[in-house]
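Q: Spelled out, the chains give:
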Amino acid sequence: QKEVEQDPGPLSVPEGAIVSLNCTYSNSAFQYFMWYRQYSRKGPELLMYTYSSGNKEDGRFTAQVDKSSKYISLFIRDSQPSDSATYLCAMSAGNRDDKIIFGKGTRLHILP
Amino acid sequence: SQTIHQWPATLVQPVGSPLSLECTVEGTSNPNLYWYRQAAGRGLQLLFYSVGIGQISSEVPQNLSASRPQDRQFILSSKKLLLSDSGFYLCAWSDPLQSTDTQYFGPGTRLTVL
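The listed protein sequences correspond, in order, to chains A and B.
The letter at position 17 of the first sequence is residue 17 when you use the working numbering, and the numbering goes up by one with no holes.
Position in the second sequence (from 1) plus 1000 gives the number in the working numbering.
For the record, the hints were derived by calculation from the structure and aren't laboratory data.
Accuracy of the hints is not assured; some may be wrong.
Cut-off 25 Å, straight-line C-alpha distance, at most; resulting in silico cross-link-like pairs (SDA-like, lysine to any residue) [said to hold, decoys possible]: (1) A/Lys104 / B/Leu1046; (2) A/Lys67 / A/Thr86; (3) A/Lys99 / B/Thr1003.
Here are some, though not all, of the chain A residues that point toward chain B, as calculated from beta-carbon distances under 10 Å [what the hints assert, rightly or not]: (4) Asn27; (5) Gln31; (6) Met34; (7) Lys42; (8) Glu45; (9) Leu46.
Note that beta-carbon positions come from the ideal geometry of N, C-alpha and C, so glycine has one too.
Using the sequences and the hints given, assemble the complete structure.
A: So, in structure tokens, the structure goes:
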């Protein structure tokens, strides 16, 4: 079983729809969960990070962590064509010497 | 605020030629530094990371090497490039004092080996 699994997509949704992006993981030691957005031919940029279980909201974006199910989600409300990008989940145990484990990314297309 | 720079942005090199990619970070001290390669459909592959000057850990055995001659400078090198070295190379930094291990990426270098 891979440490982090993420559906590669592509996921195509119409503008204005709610988008749900997900990752599952196997290491119960993970405590910090991140979402990165990567536009084509650019470096990933940190979108959100959360600690342990629960929700975190930032504008149109909501990150959700369910540690009991080892499942994390990123919701995008009122999706815009500018949200079209690859979204990578990432997680770490937070022991400072640990590396971040990245998902392979989901390609998202928002159709105008 | 912190910024991270990479150059060149794009590079086309023949097989067997040498390589030098540079990454510098501004606005922070003693960062952890990372080199990744991103190939289509394969996600981010960690190549090297460094916790200090002259301290390099290699994650994947290959014909690449890394060096950290200064606190905020990280260099990726090769003596002889292979076709398989083509890809998108990303440098990243993190603050070792933060437990989140959050990494911040540079703009990347797209390398094509012909």
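Q: Hints first: check each against the structure and report whether it holds.
A: Hints, one by one, checked against the model:
1. Between lysine 104 of chain A and leucine 1046 of chain B the CA atoms are separated by roughly 13 Å; this keeps the pair inside 25 Å, and the hint holds.
2. The hinted pair formed by lysine 67 of chain A and threonine 86 of chain A meets the criterion: a straight-line CA distance of about 24 Å does not exceed 25 Å.
3. Note on lysine 99 of chain A and threonine 1003 of chain B: the hinted pairing holds, with a Cα-Cα distance of about 21 Å set against a maximum of 25 Å.
4. Restraint check, asparagine 27 of chain A versus chain B: the minimum CB separation of about 13 Å is more than 10 Å; hint violated.
5. Here the hint on glutamine 31 of chain A is kept, as its CB sits about 8 Å from the closest CB of chain B, short of 10 Å.
6. The criterion of a C-beta within 10 Å of any C-beta in chain B is met by methionine 34 of chain A, whose closest approach is roughly 6 Å, and the hint holds.
7. Checking lysine 42 of chain A against chain B by beta carbon gives a least distance of about 6 Å; that is within 10 Å, so the hint holds.
8. With a cut of 10 Å, the hint placing glutamate 45 of chain A at the interface with chain B holds, because the nearest CB-to-CB distance is about 7 Å.
9. Given the 10 Å rule on beta carbons, the hint for leucine 46 of chain A holds: about 6 Å separates it from the nearest Cβ of chain B.
Hint compliance for this structure: hint 4 alone is broken.
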